[in-house]
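> Listed below, chain by chain, are the residues.
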Amino acid sequence: MKKIKLDIEGMHCSSCAMNIDFDLEDMDGVKTAKTSYAKQQCEVEFDEGKITAEDVLKQVQKTGYKAAPAQ
Amino acid sequence: MDLWVIFITGLTVGGLTCLAVQGGLLASVIAAREEEEVEKGINNSNPVFPTVSFLITKLIAYTVLGFILGAFGGAISINQTTQIVMQFAAGLYMIVVAFNLLDIHPIFRYAIIQPPRFLTRRIRSQSKSKDMYAPALLGAMTIFIPCGTTIAMEALAISSASPFLGAAIMGAFVLGTIPVFLGVGVITSILGDNFRTRFLRIAAIAIFYLGLTSINGSLVAAGSPVSSNSIKEGTQSVISIFTVNSSNQNMNITTTQNPEIYVTSGGYSPNYIRVKKGLPVALKLIGKDAYSCASAFRIPSLGLSATLEGPNDIKVVKFTPQKSGRISFSCSMGMYTGVIEVI
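One line per chain: the protein sequences are A and B, in this order. If you count the first sequence from 1, position 63 lands on 63 in this note's numbering, and the numbers rise without skipping. If you count the second sequence from 1, position 276 lands on 276 in this note's numbering, and the numbers rise without skipping.
If you're looking for bench data, these hints aren't it; they were derived computationally from the structure. Built from N, CA and C at the ideal position, the CB exists for glycine as well. There's no promise every hint is true.
Distance ranges between label pairs, derived from CB positions [what the hints assert, rightly or not]:
| # | chain 1 | residue 1 | chain 2 | residue 2 | range |
| --- | --- | --- | --- | --- | --- |
| 1 | B | 143 | A | 36 | 18 to 26 Å |
| 2 | A | 61 | B | 121 | 20 to 28 Å |
| 3 | A | 45 | B | 113 | 47 to 55 Å |
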């Protein structure tokens, strides 16, 4: 299991955070996704054997937000 | 009550933020059912039925919630100070929500309460249910995933301290969000980001206005010297020094120790009465379909209050004014006001 932190751009309310979590947790290989609207960050725990960090980033973009690994 | 402003808030921001997450859930529950029906080979459904049942239960759930919140507000505001503080806090929260929508500073994001994970998970799994009643149940469950704006409306419902007013506030808000679910969402997605930003701005202004009204109301109800009414009155009296005919509007007011005021949903009529000092006053409040907070009559400076038991109830308020001057009265939320002139 690997844990990564992402900076998210483009969320305008807590509903957006919920959407990101829903879509990420639907991915096969993602264990948990915790997005904080206040911090504009997302913590994802995933199985490296199934997906990559790149896949996670792509999924967030697909949901409709800009994402980059947290600084 | 500015139910129209609340409706517009629902129409603009509710449409966007609610649709962002709830629209997705609704789409998912519709898809789950269609899948089930395809398996059974009876795919004759259309998405109208689940959408409508989702929206109807959502409206009912929120109206009931508003009723409960209003009743809760009424229960904890046994004394007037609590209510005034609550109303002030609700107003402040609404302004913070508006600032967040306008993206004034990232700090305001922390005011937006995010629903707990176990609730969002539970709702997500509900959206995957193939049950016939799943869309309806999902609609009702959306009360557990409120966005910032919804919480601001809930705060307003609590501060109304009346179950009926609370129900009306939440009902008007959710009613406003409905058109977007019925297809307007498609238009907003075509019009793009520019339109979305403008929509959020309209909503922010509406919420800001509601917040200010709420704070001003609490100041009026508290009998504070600083409120929009006192400022207006102050300017009027300054103007009246320069204009000769200014007192004409009050010329036909009779001075009586037994004044009658009609209480309607829209306020007090007349809202200017004249009494003599040193003599007992029996002020009769006559309810005429008073379904608003106007039924909760207050004279902050005298510490007097009288609340009509029903929309057509009659109450008498007795007091003896000791000095001449102007005494303000208002409803419990400070929305409807009037003046007793003591001569």
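> Take the hints in turn and mark each one as holding or not.
Evaluation of the provided hints:
| no. | hint | in the structure |
| --- | --- | --- |
| 1 | 143(B) with 36(A): 18 to 26 Å | 22 Å, holds |
| 2 | 61(A) with 121(B): 20 to 28 Å | 23 Å, holds |
| 3 | 45(A) with 113(B): 47 to 55 Å | 24 Å, violated |
Against the hints set out earlier in the document, a violation occurs for number 3 only.
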